[in-house]
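Undergrad: The task is simple: from the sequences and hints, build the whole structure.
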Amino acid sequence: MPRKPISLPHPIEYLSILDENGTLDGDLEPLIEPADLLKLHRAMLLGRRFDERMLSLQRQGRIGTFAPIAGQEAAQLGAVAALRDSDWMVPSFRESAAEIWRGKPLENFIIFFGGFNEGGQIASESNDLPLCVPVGSQVPHAVGLAWAMKYRGSDQVAMTFFGDGATSEGDFHEGLNLAAVFQAPVIFVCQNNQWAISIPRANQTRSATLAQKAIAYGMPGIQVDGNDILAVYAAASEAVARARAGDGPTLIECVTYRLSVHTTADDPKRYRSDDDVAVWKKRDPIARFQRYLTDKGVLTPEKIEALEAEIQAEIQAAVTRAEEQMAQMDDPLEMFDHVYAEMTPDLQAQQAELARELAAARKEDSHG
Amino acid sequence: MAKMTMVEALNLALRQEMTRDDGVIVLGEDVGVDGGVFRVTDGLIGTFGENRVLDTPLAESGIVGMSIGMAVYGLRPVCEIQFSGFSYENFHQIESHAARLRWRSRGRFTVPMVLRTPYGGGVRALEHHSESREAFWAHMPGLKMVIPSGPRNARALLTSAIRDPDPVIFYEAKALYRAFREEVPEVEETLPIGRSQIVREGRDLTLIAYGAMLRPTVAASERLAEEDGLEAEVIDLLTVSPLDDSLFVASAKKTGHVLLVHEAPRSFGPGAEIVARLVEKAFYYLEKPVARVTGFDVVIPYFSRENSYLPGIERIVRQARGLLAS
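The listed protein sequences correspond, in order, to chains A and B.
Take 602 as the starting number for the first sequence in this note's numbering and just add one per residue.
Take 24 as the starting number for the second sequence in this note's numbering and just add one per residue.
No wet-lab data here; the hints were simulated from the structure.
Listed next, the in silico DMTMM-like pairs over lysine to aspartate or glutamate satisfying Cα-Cα at most 20 Å (straight line):
no.: 1; chain 1: A; residue 1: K882; chain 2: A; residue 2: D620
no.: 2; chain 1: B; residue 1: K304; chain 2: A; residue 2: E954
no.: 3; chain 1: B; residue 1: K304; chain 2: A; residue 2: D947
As the structure is a computational prediction, the values presented were derived from the model and not from experiment.
TA: Encoded structure:
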């Protein structure tokens, strides 16, 4: 009865296709139509520029706290690009590029972070859950959705996003375990951006990779260069195909970096140096993808310039629309809506109470 | 009509709703092959199969989180948390998501799930198996908190809870599970959630109770009638949230004396809300301050002393007499 290594069903691989110099591994290059490549590029650029505009709106006091995405565009878009519209996305709170890709209007972000619930409206045709603030708690929701798809005989899949910090949460572990036990068609996308507010990845876990946590639950796990949209897309496509074929869940760890603040209420200078950030700025996912597309002949500097102008106009139009709408959102009685399917007698009474107070205040104002 | 225990009546509700709607899914720890530790889900896996009755890993937060996802997709999950004392693991999922997804998504996503869980003392259980923490759930906007008091209303309320478009916490008093039998009609029966019931008419004082406390309260009302000639009106809340105050406010106006009974700790318990409503809506009709017979603000003691903790007939009668003494 010797001691011997136990062979486990799933090895952990690292996948990189387009390195930080834009050098391509041609053998691994996924087949993506040029039009789709350009669509992805536009989405990355829109995600980045919108993020910059949101930061500026926040600094001007025109919206409240939000979580910037800069640096994580490839990790998000490479993953969601592998989904069909009919699939489900269960986001965390830092997936605006993915949410935009899935059809959420830009003005909804501004209205939401402007402090109005109306911005959280999910369109009837959308299969995306609203953003989720408590870290990791959305993971089991994706499992339940995926189980329900399987139960109903659908070939839809669910994809959920979370950060490196979430892998320390109980709900992450319970979710992965349930997904594997029930072979639910779900893809777990970890955006390992190296920081859970001030806690670096090295202090989050002693695991050498986050992807290897999949082994514990009996599902495939893979680590990819999260700033390489081709690698993320390839890994996500494999995972989606596996889930659709009835072969259960996958954990994908996208190694990326949060270039900006955790949220606009955070000051990263307290816990990391500009030099660290500079290293990752050189690995920018957008610049890298632009080199690839230019080398491939599907994009030119002139086209990028035109696209930048087009995107700025699109963002400006959304800001204008959002601010026009917010100016009309002066009715606090809206807070009573959607608590229950039918408003309870207590809530009706409380709503009426606030309505009376507001009317009295308006009367005082008009006499004052 | 068959005479059933509450366990059998709950099983009937599940069985009938699962037959009626293939979106009704039962899940939880030991609910399948074992039929649940109290046997509420007994035999369901044999009838409906392991795709409808899921024996899950031991993961309360995961069970509820998964139920939320299932409900968002359009199913009607009925999950069991084996003891309410273990439901704090999933408290976060209920508070942060089940109760709010409708609101957060502006009506797009709803969570028509039921969380069934045994609560309360009186069965000589271990620590963490006897709590009565309905106030936790009743404090959450967007959530409904239902507590039946016997087999027939348990069956009808569970049927309504499963069909309810909002998430429902369904507290089952384990002291009632096999305490007595009641005639339960084979044909479908529902009860509206959010409505209480008068179970005994009276003119002298109002007794308000629910769940396992209803029986000692009714017994106390009978003793008061026999020994003191006092006719107590007894109100069974049935739903703790949203709270139906119409019956007890009207009753207080009629009797002028109110005593309320719950086994939950006194401070911030459901009784406190009931007193507040009475003060707001029936203050000038009250002839005496509202009295409370409740659990104490302690951890419910181990079973050799739990009868001193739990409100019983004696305490209720004594308090009622004190309330009416001039």
